[in-house]
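Visitor: Okay, here's what each chain looks like letter by letter:
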Amino acid sequence: MSSQPTRTRPTAISSSPSNGKGATLPAEQSLITDLFVAARAIHFGACLLILCFCIFQLWIVKPRGVAAPAIIENRWRRFARPMIGWSLVFALISGAAWLLLASLNMSDWEPGESFPWLAVKIVWQATQFGLLWKIRVGLWAIVCVCAAPVIIGRGNLNARAKWIFLPSSALLGSLAWAGHGTEGSPYGLHVIADVVHLLVCAAWPAGLLPLLVVLLTARTLSVQERQSYVSSLVARFSTMCLAAVALLILSGVVNSLYLLGPWSNFLYTSYGRCLLIKIALTGGAIALGAINLLILRRRLTQSEGSQSLLRINVALELTLAILIVLIVGWLGLMEPGTP
Amino acid sequence: MKRFLMTITGVLLLIFALPVFASAHANLDHAEPKVGATVSQSPKEVKIWFSQSVEPAFSTIEVFDSGGKQIDKKDSHVDKADKELLIVSVPALDPGTYKVVWHVVSTDTHKTHGDFKFTVKR
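Chain order of the listed sequences is A and B. Quick note on our numbering: the first sequence kicks off at 939 and runs consecutively. Quick note on our numbering: the second sequence kicks off at 4 and runs consecutively.
It is possible that some hints are incorrect.
Unchecked claim - Label-pair restraints from in silico Cβ distances:
#	chain 1	residue 1	chain 2	residue 2	range
1	B	Glu35	A	Leu1127	31 to 39 Å
2	B	Lys77	A	Glu1051	20 to 28 Å
3	B	Thr122	A	Ser968	56 to 64 Å
4	A	Leu1205	B	Lys83	36 to 44 Å
5	B	Ser69	A	Ala1218	49 to 57 Å
6	A	Ala1218	B	Met9	49 to 57 Å
7	B	Asp78	A	Ile1031	51 to 59 Å
8	A	Leu969	B	Asp78	51 to 59 Å
9	B	Asp97	A	Trp1055	21 to 29 Å
10	A	Ala1218	B	Asp68	51 to 59 Å
11	A	Lys1100	B	Glu35	50 to 58 Å
Derived from the structure by calculation, the hints contain no laboratory data. Note that beta-carbon positions come from the ideal geometry of N, C-alpha and C, so glycine has one too.
Kindly produce the complete structure, drawing on both the sequences and the hints.
Guide: This is the structure we're talking about:
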């Protein structure tokens, strides 16, 4: 007799010993778990990027009253337009995959069985997760409508970014209700912290991707123009990052207080260890950002070598950011507090 | 700055205007009959309170007698007033030990399951 509840292992698909369905196929089950992690990570990434491009367009690459070289504006537009379009496509596909994989998980599906379409229908029609996904499909459609002129190359990117900003923030922020963010009260401090954590991630570290693209494009500018523009670009980005990192740390601490329990769980639970890796990677990215802000930024107007170092640093930061998003995909499948 | 603050307020209002979703991992909080308890009368229902809300469509309680035969009325349902309470009806139980097996999916789609026994005294 087990007087305590048996918790599922921290994977997408849990094997239930009492369901009488026989042995599972570990390799295939592991593949499904990997797919679930990938679907979640891609969905987070795609939703982050849509908002990130709006933030970058509105406040970093060419904010109101700031002149940007024509070549930067043209290339940025040529990059941002398809990226917003593809991010929307990937958000839809990965969101659908998330729904299907969650349905497999809920319905005790095991490799070898026929696909449980009925379970998918029930999840869609009769669960809170299904309701959340319906609302998110609506938000996705609103973002598509707002972004359509930009994607087909007709609208003014700056004007459209203002329209896309609000629904894309809601699309990203609503992911707080799809994970651990609402443990306890759905409107409590924890969910607020989770929403803030998600939204701030669109500024940093997601903003590193457009920053790198603009920095690479700036190589084609004349030395004087490059030094002047890159210096002001990095100043704007760094100011935003300082606020973003402060909010990320604050909201991250709140999330940890709610989810982790005792601090020793950082070492004694798989969720804690995974979170520790995420924090270490974030710390590494912050350290690289600090080098950019405190050392390289000041030398940008003096040395060409600093610009190359800046690009390398941003690329490294971005690599760490991608690893962080992958870990986020995994963390949502784990149960906090489970050894 | 004013426009920025208005935008941020708009974003937060839009997000928090979404319907209420209470989501988490659901684990057994307490049960009636109590876990491992010996009761003098047959209960009419087995009730389990979970730590969080559960999805009715994917949550069940099954009750088995000592011979492994399922004896509940197969009417597992979530209480209308309390989304953390799962209930199944049972017929009048003869004295003996019964095993309660539960499988639930919490509203954030995570599964948990477990079992416990209770005894009806002779």
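Visitor: Has the hinted range 51 to 59 Å been met by the Cβ atoms of A/Ala1218 and B/Asp68?
Guide: holds (53 Å)
Visitor: Just tell me: holds or violated, for the beta carbon distance of A/Lys1100 and B/Glu35 against 50 to 58 Å?
Guide: Given about 56 Å between the Cβ atoms, the range holds.
Visitor: A range of 36 to 44 Å was offered for this pair. Does it hold for the Cβ distance of A/Leu1205 and B/Lys83?
Guide: Because 43 Å falls inside the window, the suggested range holds.
Visitor: Just to be sure I understand the hint, the distance between the Cβ atoms of B/Asp78 and A/Ile1031 should be within 51 to 59 Å; is that true here?
Guide: Violated, at about 39 Å.
Visitor: Between the beta carbons of A/Ala1218 and B/Met9, is the distance compatible with 49 to 57 Å?
Guide: For A/Ala1218 and B/Met9 the Cβ distance comes to about 37 Å; the hint is violated.
Visitor: Quick check: does the Cβ-Cβ distance between B/Asp97 and A/Trp1055 fall within 21 to 29 Å?
Guide: Roughly 42 Å apart at Cβ, these two residues miss the hinted range, so it is violated.
Visitor: Taking the Cβ atom of A/Leu969 and the Cβ atom of B/Asp78, is their distance within the range 51 to 59 Å?
Guide: violated (37 Å)
Visitor: So does B/Lys77 sit 20 to 28 Å from A/Glu1051, Cβ to Cβ?
Guide: holds (22 Å)
Visitor: Does the Cβ distance between B/Thr122 and A/Ser968 fall inside 56 to 64 Å?
Guide: violated (41 Å)
Visitor: Verify the CB-CB distance for B/Glu35 and A/Leu1127 against the hinted window 31 to 39 Å.
Guide: holds (32 Å)
Visitor: Taking the CB of B/Ser69 and the CB of A/Ala1218, does the distance hold inside 49 to 57 Å?
Guide: holds (52 Å)
The structure fails hints 3, 6, 7, 8, 9 (numbered hints given earlier, in ascending order).
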